[in-house]
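**Student:** The chain contents come next:
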Amino acid sequence: MTLEFITDLIFWIGAIAFIWGLRLLSSPDSARRGNIIAGVGMGLAILSAIFQPLGSVSNNYPWIIGAMLVGGIIGWISARKVQMTAMPQMVSIFNGLGGACAVVLASAELYYFYEGQTALGMGELLILYLALLIGAVAFTGSMLAFAKLQGLVNDRKVTLPYHNIINMAMLLLLLSLTVYALLQGKDFGFEMSMLILLIGLVYGFSFVAPIGGADMPVVISLLNSFSGLSAAAAGFAYDSRIMIVGGILVGAAGTILTVLMCDAMNRSLLNVLIGGFGGSGKSGAGRAAGDQVAKEVSISDAAIQLFYSNSVVIVPGYGLAVAQAQMVVKELDNLLEANGVDVKYGIHPVAGRMPGHMNVLLAEADIPYPKLLDLEAANEALAQADIAVVIGANDVVNPAAENDPSSPIYGMPVLQVWKAKNVIVLKRSMNPGYAGIQNPLFFMDNTRMLFGDAKDSLNKLVAEVKNL
Amino acid sequence: MEAIAQFFESNLEMIYLLSFTILLGFEVISKVPTVLHTPLMSGANAISGVVIIGAILLMRRAAADDYLTLSLGFIGIVLGMINVMGGFAVTDRMLEMFKKKKKKA
Chain A
-19 MTLEFITDLI
-9 FWIGAIAFIW
1 GLRLLSSPDS
11 ARRGNIIAGV
21 GMGLAILSAI
31 FQPLGSVSNN
41 YPWIIGAMLV
51 GGIIGWISAR
61 KVQMTAMPQM
71 VSIFNGLGGA
81 CAVVLASAEL
91 YYFYEGQTAL
101 GMGELLILYL
111 ALLIGAVAFT
121 GSMLAFAKLQ
131 GLVNDRKVTL
141 PYHNIINMAM
151 LLLLLSLTVY
161 ALLQGKDFGF
171 EMSMLILLIG
181 LVYGFSFVAP
191 IGGADMPVVI
201 SLLNSFSGLS
211 AAAAGFAYDS
221 RIMIVGGILV
231 GAAGTILTVL
241 MCDAMNRSLL
251 NVLIGGFGGS
261 GKSGAGRAAG
271 DQVAKEVSIS
281 DAAIQLFYSN
291 SVVIVPGYGL
301 AVAQAQMVVK
311 ELDNLLEANG
321 VDVKYGIHPV
331 AGRMPGHMNV
341 LLAEADIPYP
351 KLLDLEAANE
361 ALAQADIAVV
371 IGANDVVNPA
381 AENDPSSPIY
391 GMPVLQVWKA
401 KNVIVLKRSM
411 NPGYAGIQNP
421 LFFMDNTRML
431 FGDAKDSLNK
441 LVAEVKNL
Chain B
349 MEAIAQFFES
359 NLEMIYLLSF
369 TILLGFEVIS
379 KVPTVLHTPL
389 MSGANAISGV
399 VIIGAILLMR
409 RAAADDYLTL
419 SLGFIGIVLG
429 MINVMGGFAV
439 TDRMLEMFKK
449 KKKKA
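Residue numbers (my numbering), protein chains in the order written: chain A, -19 to 448; chain B, 349 to 453.
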């Protein structure tokens, strides 16, 4: 058996492992195994790439091992250290670095081409430019998405007037420059290709800039699919089937996820990309309020209501995540359950900052799976519930989405908490939520506000319930 | 038309691979329940780190004294490796919690 046969066989096994791993990721029982299988596939592919026969090359193994150790250690430590609440940002960073890797590869290959060391046909050149540009957009886009989720930049501060027109112009410029580069061939020159890269990097930044608020998960998912596509393009350039298969699989995954998320918000992808709310959704903000007054509830009243009710539906949002309050929620849940209260959780598909974000957080607090209801089941439960407890959620429980056509989120499916007999809203202040929209829920007759940090309020509630 | 026919004929294997992979990706992924979307995104993101293979090949082919390529390859491998290692580790951390849940339930 030749070495080439063995490495080709292992590459093939690696590609199968990617597909099989993704398949197993589709069920809670097998998901962890799926991730491990995909990871093993990746390990095999990397080994194969290290040992595959390439003819007489200098290999530079010490460099390769060194770089793998540096990257591996950084990746491992950041993955272990990151807070569960900061998970979306972390995924965004990792994703951006993958895009950056494709940019580095494409730049190197373009350099050889323009320096005359390699000869490329127009198709091959096109592939390199695709890897370069898609990778560039995935890189800077993901970095800005990280900065926004981390709260380092404010949505509105990075948006220019006529931003969508500027973006469109930049995209057209990029496309025409690339076509020109393909037609010019070698005469175009390496410096010019780097100019294209620079515009691509700026475009990635500018592309994400007007998108904000609840739309962030959609963007990360889309950028994830971009970095997959750039990896696949690089795979064509390196004639590596496993890169092509892996990259395309991720491209498909990101696309499907993006579409599912848009569906959950009842909006089109285009609408999200040109900055539906976050950036420009000011129309519905600011009004309401006026002479309306939200009614407050005291901790002890809230505790008594909860303790003597029959059924409670808790609706968690990003505020719960920020306050790290999932453990306290579990404690309150236990106390109420001990008194025969039926406690369920209503999970909006886009609650938190990513789909499934809330499920991950609640799972961390050991809240049993069957208690988590999806949108439809939660709305049925809410109609029967005595009390709905909204913890740090806002836009996903906004009745304006159903009854106010002028609201920027009109048409988005929401959790109908107002159908419960009583609603208790735990909230820091009366400020509007991430999307910047006023919420009429807070002024409804059956709604009571409990102001303060979510964890703080919950701790007090737990103490009160214990005293009853 | 002639050119398209020729392109199609000479890249037949690649066209099959591409279209099957795309369909497979859609099919495998569209069955994932909402609760697993975040881990799935994270896992898929780790797989996109497969781009590191290209960086390894770039590095192996570089001449031992071609420091420009060696540096580029080094950066490429570091970036790709962070993506791969961090991606799988972070996904495992998320899924670990789901598993604990299942045992008790």
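Worth flagging that the hints you see were computed from the coordinates, not collected in a lab. Every value quoted in this text rests on a predicted model; they were computed, and no experiment measured them. Cβ coordinates follow ideal geometry from the N, Cα and C atoms, glycine included. Check before you lean on any hint, since a few could be wrong.
According to the in silico footprint, chain A covers these stretches of chain B (three or more CB under 8 Å from chain A) [what the hints assert, rightly or not]:
1. 363 to 374
2. 392 to 404
3. 425 to 437
Taking beta-carbon pairs under 8 Å as the criterion, some of the chain B residues facing chain A (in silico) [unchecked claim]:
4. Met349
5. Glu350
6. Pro387
7. Ala410
8. Ala411
9. Ala412
**Student:** Could you run down the list of hints and mark each one as holding or not?
**Tutor:** Status of the hints after comparison with the structure:
Under a criterion of three residues with beta carbons nearer than 8 Å to beta carbons of chain A, the stated coverage of the segment 363 to 374 of chain B is upheld, 7 such residues being counted. Look at the segment 392 to 404 of chain B against chain A: 13 of its residues bring a Cβ nearer than 8 Å to a Cβ of that chain, three or more, so the hint holds. Evaluation of the coverage hint for the segment 425 to 437 of chain B: fulfilled, as 13 residues show C-beta separations to chain A shorter than 8 Å, against a requirement of three. The closest approach between the C-beta of methionine 349 of chain B and any C-beta of chain A is roughly 18 Å, which is over the 8 Å cut-off, so the hint fails.
The closest approach between the C-beta of glutamate 350 of chain B and any C-beta of chain A is roughly 16 Å, which is over the 8 Å cut-off, so the hint fails. A least Cβ separation of about 6 Å between proline 387 of chain B and chain A falls short of the 8 Å threshold, and the interface hint therefore holds. Here the hint on alanine 410 of chain B is kept, as its CB sits about 6 Å from the closest CB of chain A, short of 8 Å. The beta carbon of alanine 411 of chain B comes within 6 Å of a beta carbon in chain A, closer than 8 Å, and the hint placing it at the interface holds.
Satisfaction of the interface hint for alanine 412 of chain B is found here, the shortest Cβ-Cβ separation to chain A being roughly 4 Å, below the 8 Å cut-off.
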